[in-house]
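Trainee: Got chain A sorted already, so can you dock chain B with the ligands onto it with the hints?
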Amino acid sequence: MFPKEERIWAWQKIPESSRIIFFASIIIIIFLTPNLAEGYESTWDEVNINSNNNYNAAVIDSNGDAWVFGDNGVIIHGEKLTNWSIVNSPTVEDILTADSNENLVVAAGKNGVVIYKEILSNEWINIDIDNQTRINSVSINNFDEIVIVTDLGGIQIYKDNEWLQINSLTSEKLFDITFENERGLISGSSGLILGSEDNGLTWEVRDTPEIVAESEIISIGYYKANRAYAITSEGNILKSTQESLTTTVGYSWTIKEIESENYSTSMNVNLTSLEILSTTKILLTGEEGFVALSKDGGNIVTPQLLPDGNTYLKINDMAMENAFRGIIVGDNGKIFYTENGGEDNPVGFEIIDLSNFNEFVDFTKDNLWEGLKATVKIVIFGILLGFFLGIMLAMCKTAPTTLKQMIESDLEKTLILFWIGIPISIFSTRENGIGLGIFTFLSIISISILLDQYINKKNTESDGFLGILIPEQHRNKVIKILGLSLLIGVPISGGMNINGGVELIYSALVDFHDFQLGSDTPKLSAQLAYIFAPIGNPSAFFALIIGIGLTYLGILFILTNGTFTKKTIYAGKLILLVILWTVILTELFVGFNLDKFDLNVSNLMKFGLLLGIGFFLTRRIIPKLSRKEIKINDFSISIDPWSLRPLNSIATLYTDFFRNTPLLVQFMFIHFGMQLGKHIQNIGVDFTGDLAIISSYLGPLDNLISPLIEYVNESLFGPGKRSYLSAIFALGLNSAAYQCETIRGAIAAIPSGQMEAGRSIGLTYMGTMRLIILPQAIRICIPPLGNEMVNLVLNSSLASVIAYTELTRQGKLVVAITFQIFWTWGMVMIAYFVVTWTLAILLRRLEEKTRIPGLGISGGN
Amino acid sequence: MDDDVLIVEDLEKIYSGGVHAVRGVSFKVKKGESVAIIGSSGSGKSTVLRCINRLIEPTNGIIKLNGEIINNPLADVNEIRSKIGMVFQSFELFSHLKVLENITLGLKHVRGMNKEESEKIALEVLDRVDMLDRIDAYPGNLSGGQKQRVAIARSLAMHPEVILFDEPTSALDPELIGSVLQTIRGLADEGMTMVIVTHEINFAKDVADRIIYMDKGLIEEEGPSDIIEKPKTDRLKEFLSAMDEE
Ligand SMILES: Nc1ncnc2c1ncn2[C@@H]1O[C@H](COP(=O)(O)OP(=O)(O)OP(=O)(O)O)[C@@H](O)[C@H]1O
Ligand SMILES: [Mg+2]
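So the sequence lines, in the order shown, correspond to chains A and B. First residue of the first sequence? That's 0 in numbering that gives the first Met the number 0, and the numbers climb one at a time after it. First residue of the second sequence? That's 0 in numbering that gives the first Met the number 0, and the numbers climb one at a time after it.
Here chain A stands alone, though its shape is the one from the complex:
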């Protein structure tokens, strides 16, 4: 005895409990991996100095040192924003405002106090104004001159060691002043904005929007020379851009629509200060702990967090060294420092570092998971569609029914189909659209089958279809009439006539001819050459082909003489020959213009070639004509129309078509060309709509049914499902062609005796197929079908060309965002592998499960 072969590893050998644990843990890993906390944290850090004074102003000088000023003249020095200390102050007045440039740091406040310091010295110099006014803002112009605005509307400039009064044109309170080179802006109450172009010596009133006419514009600022923003104490944001080359920024102001809940222009916050970090990025502070960031010039303003416990803190000023580093100061000695432009940190995925695999996965897992689901969805439906269609096609291909049998023995069925089923469905299609047309067709067929069974059950003498039996002597006539109606169609007035074969050919040819695409000759070949030309109307092409088919069938039926003798075949051949020679002769006589016939070599060759082809085909069609005798057993006829197997021909056409065109093109043709997805969606929506109406008559049952209908409608025919439907059909239809061949091969491998045995116990052909042949054939072809299905999964990646966001397309999107090409495509590949591998395992299981002992060589026991 041979030693019994042991499989080294088999899934089955793992105890069931372990298998369950394995799957459970995979599920847990996939679904329950904690999403890292999706919160935000403040990026403001509090600076600790032992002082409880309210801080009112802050600047950062050109050394990068911070100066914070507050009540009682307190001055805080923050060296490089890190070493914080209290410095000696030359004043005890409350300091309210400060400014700095390359050379100076200056501050001012209540009772006319103004102090300044040169950058290089450590000494604060007091240059108080006499008139004891409250100075609201101080700024330095292009000449290093200090300019202040007061609560009473005064403007003074410190020129040559003296304060110079400037005409302010107003007595409104002035809140803020700022300079950008020689240009200056002042904001005040009653929506006032003043502008100066000459270092603050003269000022003019600038236009502001009507809506802020009553508001106090409490802060104003430039960003370089091309953008300026201002804020009101009520929370409005004003913006100014340079409108034309001749004007400068600050002339005209617009109010920003802030996207808040009620689309007002105000944030309902009492703002205190404004800092402009870039042309569009601005920081705002306000009372009650308000710090807000807008990254788009004030359209969207997002409040940012302060460290806990500062909710009600009044924030008075802010100073930024650049777009990221800066401080805000507020009441009660609070100073906060940021290195992140004040923007909140999203905790958990902060500053996604896409070159870090963990964070990359975190960032992309949703996309890839969605893609995987989308792929699996079309794959499952595609496989189901492909499999069932494949089986049907394979059965059609192996069906022995010939045209003769179909017409002769199923005459009654054919009649009902031709004269009732098809016309009614066509009418229904024209009246109600293709959906109901198909529905009508199917219901007519199923109703007549049910009726037939009922009638033939009652009738012990079960004769004919639906109890109709056309008597022997009339059958031929009926077949001839059938042929005639194929030729001429059903002429009904009112535009509802059904075209016959002749009509179809005629209208198709007229269509072609009407295009006049470079050919006026009656040469048939010249006309036919433009069959492909009517772009956008391939239906004319199809009409032509269907027309030719119908005409051919019609002629056959008319010529038949009951027993479908060879005469018919010869008549058919005769017609074929007539057509052939008509074409050749028109080609010869029209094409060569015999009047001026040139006997050159090229013309002679064409002439000869045509005649040669003609004679060759004639001899092929009537091969034994020369022998002058036709034996009874002459079976060498190349075309015998009666032994045509229509089902086989249709299936062959189908498989040939789908196997000989690229899948990519099929995808595009089906989705963009035929718009199959759109049509199915329309049909589906119509159909589910009708169902919903029907179900509404069902009373209480409706509550149960209508959500179901709704769900089907949503999930299959809802918006955006077109490419989904198209993808399923493209994949399914294509795969069906290949699966058909595989299944056909397996059917062919079943010994013909099985069919005979099945038939001999009285089963019908279909019954034998279903109960005996297919169960065996499918078992044989599980492995190649598995290949087919794996192919389908892989081919599903082509669905990305019709904008279906499956795995590959998601991969492309992820690459476009993250630029991580290796990881993205690697993960996509692994995802595909997982799908196909699972499929392969399932099929292997299925194969093992359905294995029949003693049937076939399988390697197992």
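Bear in mind the hints are in silico, worked out from the structure with no lab data behind them. Fair warning: this is a prediction, and the values are worked out from it, not measured in the lab. It is possible that some hints are incorrect.
[Said to hold, decoys possible] DSS-like cross-link-like pairs, simulated, lysine-lysine; straight-line CA separation at most 27 Å: (1) A:K848 with B:K114; (2) A:K403 with B:K63; (3) A:K255 with A:K313.
Mentor: What follows is chain B with the ligands alone, placed relative to chain A:
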């Protein structure tokens, strides 16, 4: 006349390809009679059987079952076939079904019986062919003789008017033949109408009421089983002596 179950008149068959396999064969089978058809290879015996069952369409001729013409294009083939049992040389059991299911299949799907009824009949016929002990086996795990007995049971289950045997034993080892012949003999004793194509001359002589000798598509000699002892035609003599030599 009335007890002729099967009548074949002037049966002719030309295969597509031109082989004139049967050239006008007529015979009758009475109820309860068993007829053996013998003849050399290629003489058209199988063709005759297949025509009767309409597995192939005869070119000419009439076949009547219980007085009804069955080779008319409008006759219900499936109905006719369910009344005519057929046992094949190569068994043709449905290999994906167990023995019991092989037999109940026709009862369920052709006769429309339910599970209990069909299994009752199946067990009955399996008992008749002595296969009750293997009802749960797959055909692949049976011996040749067992397979053929199951195949006979499958035909019997349909309660046919007549059973056609096409060389039921020629695919079997000599030691297995016995059991199958035993079964057929039993059926003959029970009065089953049968047409048996066979190469087992002794068996034909023993079981058949009548023997038909076919040669080149024609019936050369026909008569009761003693024509084997006293053949009239030279052809049959030659055939018998050739068989004896084997
Ligand atoms: N399907 C077919 N197509 C063409 N010719 C066939 C076909 N089946 C059988 N024949 C031919 O018909 C003739 C009769 O065949 P048949 O099978 O009836 O012989 P038989 O008497 O049963 O022979 P055997 O004893 O060997 O089984 C043979 O010459 C055979 O080659
Ligand atoms: Mg034979």
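Trainee: Going through the earlier hints one by one, which of them does the structure break, listed in rising order?
Mentor: none
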